[in-house]
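Chemist: Knowing the structure of chain W, use the given hints to seat chain Y on it.
Protein sequence lines correspond, in order, to chains W and Y. By UniProt numbering, the letter at position 98 of the first sequence is numbered 98, and the numbering carries on one by one without gaps. By UniProt numbering, the letter at position 3 of the second sequence is numbered 3, and the numbering carries on one by one without gaps.
Just so you know, the hints here were simulated from the structure itself, not pulled from any lab data. Be careful, since some hints might not be right.
Result set (EDC-like, lysine to aspartate or glutamate): computed pairs, CA atoms no more than 16 Å apart in a straight line [said to hold, decoys possible]:
hint : chain 1 : residue 1 : chain 2 : residue 2
1    : W       : K132      : W       : D68
2    : W       : K165      : W       : D209
3    : W       : K165      : Y       : D82
4    : W       : K132      : Y       : D82
5    : W       : K87       : W       : D68
Derived CB-CB ranges, DEER-like [what the hints assert, rightly or not]:
hint : chain 1 : residue 1 : chain 2 : residue 2 : range
6    : W       : Q196      : Y       : R36       : 12 to 22 Å
7    : W       : Y44       : Y       : R249      : 21 to 31 Å
8    : Y       : T283      : W       : L42       : 41 to 51 Å
Derived contacts from chain Y toward chain W, CB cut-off under 10 Å, selection only [said to hold, decoys possible]:
hint : residue
9    : K43
10   : F54
11   : P99
12   : W105
13   : G109
14   : R138
Backbone N, C-alpha and C fix where the C-beta goes; we use that ideal spot for every residue, glycine too.
Listed here are the chains, written in short residue letters.
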Amino acid sequence: MTAVHPAAPVRAADQDAQAQAPRRRLRSVRKGAGRQHHAGPLTYAVLVLVALASLFPLYWTLVAASTDAHAVVSTPPPMIPGGNLFKNLSYVWHNAGGRGMGVALLNSTLVAGSVTIGTVSFSLLAGFAFAKLQFPGRGAMMGLVIATLAVPAQLSVVPLFILMKNLGQGNHLSALILPSLVTAFGVFFMRQFLVQALPSELLEAARMDGANSLRVVWHVVVPIARPAMAVLGMLTFVQSWNDFLWPIIAMNGSSNPTVQVALAGLGTGWSTDWSIIMAGALIGTLPLLLVFVLFGKHIVGGITQGAVKG
Amino acid sequence: MATSITARGSDPGSATPDRPHPVPPKDERRQAWRSRLYRWDTKGSPYAFVSPFFLVFAAFGLFPLIYTGWLSLHQVSLYNVDQAKWVGLKNYTDLFTGPPSHFFWNALGNTFTLGILSTVPQLMIAIGLAHLLNYKLRGSSFFRTALLAPYATSVAAATLVFALIFSPESGMANWFLGLFGVDPVAWEAGEWTSQLAISLIVTWRWTGYNALIFLAAMQAVPGDLYEAAALDGASRWKQFLHVTVPALRPTILFTVVVSTIGATQLFGEPFLFGGQSGHQGGTAHQYETLGVFMYDQGFRNSMLGRASAVAWTMFALLLLIGLVNALIARRLRKSQ
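Chain W extracted, bound-state conformation:
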């Protein structure tokens, strides 16, 4: 079973990109040579310790969320779940953040979902154009895309706040969706992938066939870019779901918050009962954690891929 894992980071990319297969395989063979040492007991001990440190705060969120206001702050702290989990969860689900965590969860899903769909499709189009199409100004425009990576989020929150207020979009979910519909990182990520994975002959062949640009994108580019689209989609979803600064400002005092805004409200005075606060944190964390358990291997692969190419 372990033999499969070394190749996991590149596996997603290998599907569909047959043209690349021989070179990739060669590289993964060489890769194997670099890691011939077996791990010693000390390595396992350290890794187990680190894994525990990574997972314990999450486990403890669950434990704390299942206690009550008194038990959660008792000494020594509780280490096994108590019996209040569902009571606390349902309380937070119905009450926290104005209309309850349930609504917040729905809002976050809506925002992160829209942002993901927008980012993946627009990044695909732009990335494809930058990778494979010839047009005047291409180099300069790509340079501009990379330059925009350096512009921090803080720089835009004040004008965005004024803009959204004037547009009548303050406190509205679209205020969170519109600014993130496409990112420079996404365009760059897609370009880097398509430059390598999309053979130019394939495009020419489709062109010869008389396919117009949109048909080329749909029938040639999308099938090849699918693994990269999945990875970018997951990264974007996680990032959008966890976005904090802009939602806090845009949704300030909103009765229709996202998960993060509701959590911030929970943590800054809405409730003084830590078991309730932790129940909120649990609800806010669980959906993404579930996604990670289900697609963990692909996300791990995607992160490493994006990083090495970025």
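Modeler: Relative to chain W, chain Y alone:
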């Protein structure tokens, strides 16, 4: 699907717009129209494809960037955003030498110390972990997913959990230290202790993520380099220092840049760590970062002009860091 198109394309010129052999006049006109469409399509579609990015960037990136600069020269109230009063450079001079300057320099200092505390150990631990994960390992998939789990946790959720763990009276951290006879620590109230605790949150969330990035880079190092080093009698530690680390230079630079940018903008952790006290950044501003300072000035004290000046100062800081990074990168490349 891709192969089917290749197969059709191999049939030479079956549907090419400019067909060479003679065609009837009626078809010819349609043909001309088609080839014109085709030319429009090839010329125009690249611009159509990149336009969504540039439209979104113009509206929500470039315009705010310039507008923030304009606002930073004005006095603007949160409740009356349309009435801006020109004040020249007053917002900047206020920040550097005026009444709020004490808090500004304090926030700048905190951003710096928190940045060091949260990135340096984090990246070093991440490289070490990547090295361990690079061994032949049972359950490597489990370890990788476990290490990445904190990355899936949001700033808000993570900070709330750690705020409880570090709570002064009955927190788990103090209970644990108490087992070793250490007196309870007032984590949140102290300057160093609060910054240490916040750095721990950042480190907890991002170490695994960076370890996986390093791991991918390590796996791309050719094995023969290690074999050659082993033949020369280099120990495993020497191999790590003289083969792995040099090969990792570009990746290290990448993570350093990303972490520095993240650290400069640190906001969520110091914003929420104080919890119920209602003081973002600490009652004595002991862990207030530039990000929190900006939020405070703009959205609590309603001084949007001053907040804009803070934002532009942060931008200038990031550009400076970028420049330094670029210089170091060039140095490294030359020395190689």
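Chemist: It remains to establish, for every hint, whether it holds in the given structure.
Modeler: Evaluated hints:
1. For the given pair, W/K132 sits about 59 Å from W/D68 by alpha-carbon distance, which is inconsistent with the 16 Å threshold.
2. Simply put, W/K165 and W/D209 have alpha-carbon atoms about 50 Å apart, too far for the 16 Å limit, and the pair is violated.
3. In summary, the hint linking W/K165 to Y/D82 is supported, as the alpha carbons are separated by about 10 Å, within the 16 Å threshold.
4. At roughly 45 Å between alpha-carbon atoms, W/K132 and Y/D82 are farther apart than 16 Å, so this suggested pair is violated.
5. Note on W/K87 and W/D68: the hinted pairing holds, with a Cα-Cα distance of about 10 Å set against a maximum of 16 Å.
6. Take W/Q196 and Y/R36: their Cβ atoms lie about 34 Å apart, and the range 12 to 22 Å is violated.
7. The hinted window of 21 to 31 Å between W/Y44 and Y/R249 holds, with their beta carbons roughly 29 Å apart.
8. Separated by about 44 Å at the C-beta atoms, Y/T283 and W/L42 satisfy the suggested range of 41 to 51 Å.
9. The closest approach between the C-beta of Y/K43 and any C-beta of chain W is roughly 8 Å, which is under the 10 Å cut-off, so the hint is satisfied.
10. With a cut of 10 Å, the hint placing Y/F54 at the interface with chain W holds, because the nearest CB-to-CB distance is about 8 Å.
11. The criterion of a C-beta within 10 Å of any C-beta in chain W is not met by Y/P99, whose closest approach is roughly 20 Å, and the hint is violated.
12. Checking Y/W105 against chain W by beta carbon gives a least distance of about 18 Å; that is not within 10 Å, so the hint is violated.
13. The criterion of a C-beta within 10 Å of any C-beta in chain W is not met by Y/G109, whose closest approach is roughly 18 Å, and the hint is violated.
14. Because the smallest distance between the Cβ of Y/R138 and any Cβ of chain W comes to about 6 Å, under 10 Å, the interface hint for this residue holds.
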